[in-house]
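Number of protein chains: 4
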Amino acid sequence: MIDYQKVLSEIMPRCKQSDRKGVVASYIPELANVSIDKFAMHLIDASKNTYAVGEATETFSIQSISKVLTLAQAFAILGSDIWKRVGVEPSGDPFNHLSLLEQENGIPRNPLINAGAIVVADILVSNLKNPKQDFLNFVRSLTDDPGINFNSAVANSEQRTGFRNYATANLLKSFGNLENDVATVLDFYFHQCAIPMSCSQLTKAFYPFMNQGKCLKNKTHLTQTQTKRVNSIMLTCGFYDEAGEFAFEVGLPGKSGVGGGIVALLPGKYCVATWSPGLNAKGNSKLGMEALEKLTTKTGQSIF
Amino acid sequence: MIDYQKVLSEIMPRCKQSDRKGVVASYIPELANVSIDKFAMHLIDASKNTYAVGEATETFSIQSISKVLTLAQAFAILGSDIWKRVGVEPSGDPFNHLSLLEQENGIPRNPLINAGAIVVADILVSNLKNPKQDFLNFVRSLTDDPGINFNSAVANSEQRTGFRNYATANLLKSFGNLENDVATVLDFYFHQCAIPMSCSQLTKAFYPFMNQGKCLKNKTHLTQTQTKRVNSIMLTCGFYDEAGEFAFEVGLPGKSGVGGGIVALLPGKYCVATWSPGLNAKGNSKLGMEALEKLTTKTGQSIF
Amino acid sequence: MIDYQKVLSEIMPRCKQSDRKGVVASYIPELANVSIDKFAMHLIDASKNTYAVGEATETFSIQSISKVLTLAQAFAILGSDIWKRVGVEPSGDPFNHLSLLEQENGIPRNPLINAGAIVVADILVSNLKNPKQDFLNFVRSLTDDPGINFNSAVANSEQRTGFRNYATANLLKSFGNLENDVATVLDFYFHQCAIPMSCSQLTKAFYPFMNQGKCLKNKTHLTQTQTKRVNSIMLTCGFYDEAGEFAFEVGLPGKSGVGGGIVALLPGKYCVATWSPGLNAKGNSKLGMEALEKLTTKTGQSIF
Amino acid sequence: MIDYQKVLSEIMPRCKQSDRKGVVASYIPELANVSIDKFAMHLIDASKNTYAVGEATETFSIQSISKVLTLAQAFAILGSDIWKRVGVEPSGDPFNHLSLLEQENGIPRNPLINAGAIVVADILVSNLKNPKQDFLNFVRSLTDDPGINFNSAVANSEQRTGFRNYATANLLKSFGNLENDVATVLDFYFHQCAIPMSCSQLTKAFYPFMNQGKCLKNKTHLTQTQTKRVNSIMLTCGFYDEAGEFAFEVGLPGKSGVGGGIVALLPGKYCVATWSPGLNAKGNSKLGMEALEKLTTKTGQSIF
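Chains as they are written, first to last, in the numbering used here: chain A, 22 to 325; chain B, 22 to 325; chain C, 22 to 325; chain D, 22 to 325.
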């Protein structure tokens with residue numbers, strides 16, 4: 022029987038004393054103003070016991086972590102038809118997602134790169150009655166927390182400066198892989214990214230992915246097969262062009278965000294979230310990855 | 022002494038009887054409705070004599086041919102500073118101008134691919150008082166023809182469907198290589214392309230490029246050195262990824278447009294325009310290229 | 022308690038009656054002559070019970086499956102220094118491994134693409150006293166089967182026609198990432214691929230990867246951490262540009278070969294091998310992948 | 022009437038006093054040992070008058086300049102069938118000729134990049150009785166100089182270290198675009214590059230390209246049409262990914278070599294060669310390009 026609280030308590034001080042904490046994302050003011058010294062871990066196990074260290078109830082912008090949640094909602098709605106519009110292969114490319122999209126005729130490699138997540142957003146805009154509100158409700162339902170909301174200031178910042186996302190959406194549109202207006206889809210997309218959540222909330226939101234699709238309230242959000250498939254996509258595609266490295270060092274399905282958060286999970290065992298705003302060169306939380314590597318090494322548990 | 026009228030009269034029937042005339046561009050209705058049987062050639066020599074066959078005074082959409090005219094105006098205004106924002110190398114790439122732009126940090130390869138022409142449009146928007154009107158006046162002045170105008174229907178069609186150009190402009194903006202709003206720059210760009218001109222008007226507009234920068238009225242629009250440089254760019258970059266083929270088969274600097282027009286010139290000797298709306302697989306006028314190949318072969322004249 | 026024999030017995034007839042069996046590899050005669058109707062599965066569980074259907078003791082050319090075995094041997098020798106010369110990221114690229122290698126200065130993306138496996142071969146040539154014999158002994162030791170041998174006819178065929186591998190090795194050499202002669206390294210490489218093994222032998226050879234590094238005889242070949250890392254590389258990189266698809270459909274670490282074999286494993290539970298010579302468009306055994314998808318679906322077990 | 026001797030005499034001192042002379046190629050000792058202070062220009066006009074400054078009769082390794090000469094010989098033998106195996110488009114790519122070759126199924130972009138020149142070498146190996154000797158005789162005949170020879174030390178150096186060329190030739194072979202053995206073709210290729218010639222000899226060798234295919238002795242080596250086409254290829258492809266820049270700054274067809282030589286020509290007017298061993302970042306002679314820019318600017322003559 023592993024004492025997760027003891028493990029987390031050993032990991033935190035070793036991470037916090039590191040003098041190489043990465044660089045806080047600076048492209049929008051709301052992210053740039055976060056202190057690089059923030060650090061949190063939160064773990065929930067299969068028996069719903071929770072363990073925490075650091076600022077585990079303080080919220081931060083989940084950013085790309087939201088892509089797993091929109092994928093789950095769209096997958097639940099569309100079933101496997103979703104794969105007509107987006108692939109399941111790692112992109113393997115540090116720099117040129119537009120190049121790949123252009124070469125591959127507007128079918129994004131996977132739903133966790135920006136182009137793929139924009140296609141998923143388009144699917145939700147087409148299929149939800151009140152897209153933004155309905156997605157927010159989905160997140161609240163997963164988390165069993167009605168207090169979760171969009172941060173409009175963050176969404177608006179991205180709306181003004183996210184030119185590369187506009188380029189991506191227009192390229193998708195030129196290939197016929199966007200049903201709705203670019204502006205409408207990106208409005209949804211910028212909002213989904215602009216949700217503030219804490220590590221504690223994130224482990225709840227991702228609980229279904231380690232629990233065969235069922236949330237803490239035992240409601241089924243995804244089938245067992247769908248859950249397995251979302252997990253496989255997280256493993257192969259969840260960390261940009263560092264997915265192999267994360268699988269190699271940590272060995273868990275997971276997803277990172279530019280706000281410094283990472284969520285990961287060991288199916289049937291636990292779901293864990295980390296927060297440390299300093300990013301490495303690939304855009305993933307530097308200490309978050311190190312903390313998770315220590316977690317799987319110390320516990321001797323991983324999917325491999 | 023070459024009898025150009027005789028040469029043109031020999032070329033036309035051989036081109037017109039071809040049963041492989043290419044395919045008319047269909048992405049906007051205004052282009053799709055043009056008859057594939059249209060054919061014209063117009064040539065003006067250094068002594069200002071003119072020679073014509075076919076519908077040489079009927080107008081068609083000049084489209085990408087306009088890129089040489091905006092380049093000339095921007096080059097005249099900015100001088101060699103223009104090359105800080107756009108290169109002079111052939112792109113060599115059939116399909117992926119966005120890829121190249123992404124890899125090369127937002128500096129387009131040359132001013133005759135779309136990305137480069139959008140940067141040039143941005144320069145004119147920044148430097149002209151009334152950008153669209155001032156550019157139109159420049160074309161009228163080159164051509165000595167105040168009747169030249171924009172076709173708003175064509176410009177509006179492109180505005181509604183030119184998603185790839187929106188993608189390109191947003192990507193340029195994300196790299197900081199666009200000073201003005203995407204919408205403003207593309208409004209200018211779609212209008213510059215949407216000018217209807219005839220072969221007869223085009224040879225006048227391009228007369229300065231074969232005459233060391235001086236137009237028919239002897240007004241200097243470009244220096245001799247600038248003229249030489251624009252001509253070199255036309256030769257290496259004027260026909261998308263078929264520039265080598267055009268240099269190889271025809272051996273003249275020139276520029277094609279998706280409306281089926283081509284303008285080419287032999288410095289010090291003549292300027293020639295052709296029109297045949299059927300395009301080959303590379304997007305250049307099929308019969309236009311053949312007619313120009315015959316012209317340089319029959320006359321034994323080319324820059325090589 | 023899952024009855025694996027029953028599961029395999031249900032899978033085989035459904036696979037064998039498929040009328041879309043893929044295409045047998047034809048680039049060398051030794052592969053082309055194998056009957057497309059061959060089919061086998063062999064599974065060994067954590068208690069060393071074995072289960073089989075079809076021609077499970079008939080040998081076939083293991084080809085790329087060997088790359089995991091050379092990786093294991095080199096990793097055991099060099100430890101993490103091996104990652105200075107080869108990466109751990111999926112290549113994500115269907116067609117252009119030379120392009121990637123060129124762009125990334127001669128460091129192959131991962132050890133399971135050809136370029137990476139050639140670097141691993143080079144490491145073994147440098148570090149083993151009698152490279153080919155010592156590697157063969159390693160495979161015999163893993164498998165506890167002294168009857169395993171090279172098939173020289175297959176190796177020689179590849180030596181005469183494997184021009185792309187010569188191109189790859191020379192490109193590695195030009196970047197300084199090959200210590201030995203191209204000819205020496207490729208002789209080793211062509212031999213490692215040209216080992217005939219049966220499904221029954223392959224599950225034994227791969228037993229350590231599901232058993233924390235220890236073979237059937239309980240000898241430790243890799244540390245627990247090394248084993249986990251090799252497994253993660255198999256998952257993210259084991260199926261060329263179909264790695265995501267295999268993870269998505271099957272959800273096990275594994276490796277395929279152009280001879281029609283696949284080995285996969287569920288850590289702590291079982292190791293399984295399939296053989297069906299017909300390949301899909303990506304070069305992986307078509308029925309082998311389907312059989313493994315059925316295995317994880319029917320058993321409800323996978324790493325996700 | 023231009024006084025070419027005066028022009029050359031003005032150019033040389035301005036070039037020689039430059040303190041940014043580029044970097045001498047160092048990958049083989051025979052090139053590395055040449056003094057960076059060498060400088061020569063030699064010009065021959067249509068009346069066969071010659072003009073020279075600097076070490077115009079001192080030989081240096083012509084390297085890639087030879088590609089134009091093998092192209093001319095192969096073109097004369099095969100006629101336009103040569104274009105089935107190699108294209109005429111600029112490659113536009115600084116770094117990845119293997120990538121392009123891979124994407125374009127083994128048809129090199131043009132005969133002046135290494136891959137294309139290796140295909141041309143293969144054609145000559147197939148079509149000449151004694152390939153190396155027959156090519157040497159062709160160069161001697163063009164130049165009217167029986168003293169021209171291979172430098173075997175240079176050829177042998179390349180044979181030992183030219184791994185990238187081996188990679189290229191093997192990739193061509195894998196695509197079926199090499200008829201002969203890799204070793205045989207590269208032996209020819211390394212020898213064609215390893216000819217020492219002086220600027221004075223080079224202007225003679227290239228005289229036919231400015232004289233409609235006829236050499237100084239008035240013998241026809243290429244038809245007028247073939248000559249025009251080789252010139253167009255030199256213009257669009259003669260300077261690697263700096264072809265546009267050379268056309269833009271100089272405005273003449275030409276070809277450079279890593280030994281520091283450049284040959285260029287103004288059809289009907291003159292042929293000129295320069296030598297300065299320091300190369301710029303693109304691998305072209307830095308002062309050679311500057312000298313030629315001055316030549317066309319001072320004389321006001323170029324093809325544009």
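Bear in mind the hints are in silico, worked out from the structure with no lab data behind them.
Just so we're clear, the structure is a prediction, and the values are computed from it rather than from any experiment.
Heads up, some of the hints might be wrong.
Since the list gives no way to pick one copy over another, a pair counts as held whenever it fits inside one copy or between any two copies.
What the hints assert, rightly or not - Quick list of in silico lysine to any residue cross-link-like pairs, SDA-like style, CA-CA up to 20 Å: (1) K235 x F184; (2) K319 x Q26; (3) K240 x P217; (4) K69 x T205; (5) K303 x S147; (6) K290 x T320; (7) K290 x Q322.
Hints and how they fare:
1. Taking the shortest Cα distances, K235 and F184 never come within 20 Å of each other, neither inside one copy (37 Å) nor across copies (41 Å).
2. Taking identical chains as interchangeable, the C-alpha atoms of K319 and Q26 lie at most 20 Å apart only when both belong to the same chain, with a minimum of 12 Å there against 36 Å between chains.
3. For a Cα distance limit of 20 Å, the shortest separation of K240 from P217 qualifies neither inside one copy, at 24 Å, nor across copies, at 50 Å.
4. Taking CA atoms no more than 20 Å apart as the test, K69 paired with T205 passes in neither setting, with 38 Å inside one copy and 55 Å between copies.
5. In this assembly of identical chains, K303 and S147 lie within 20 Å of each other by CA distance neither inside one copy nor across copies; the values are 32 Å within and 33 Å between.
6. Within a single copy, K290 and T320 get their C-alpha atoms as close as 12 Å, and across copies as close as 19 Å, so both meet the 20 Å cut-off.
7. For the identical chains of this complex, K290 and Q322 are neighbours both inside a copy (9 Å) and across copies (14 Å), given an alpha-carbon limit of 20 Å.
The structure does not agree with the numbered hints 1, 3, 4, 5 stated previously, though it agrees with the rest.
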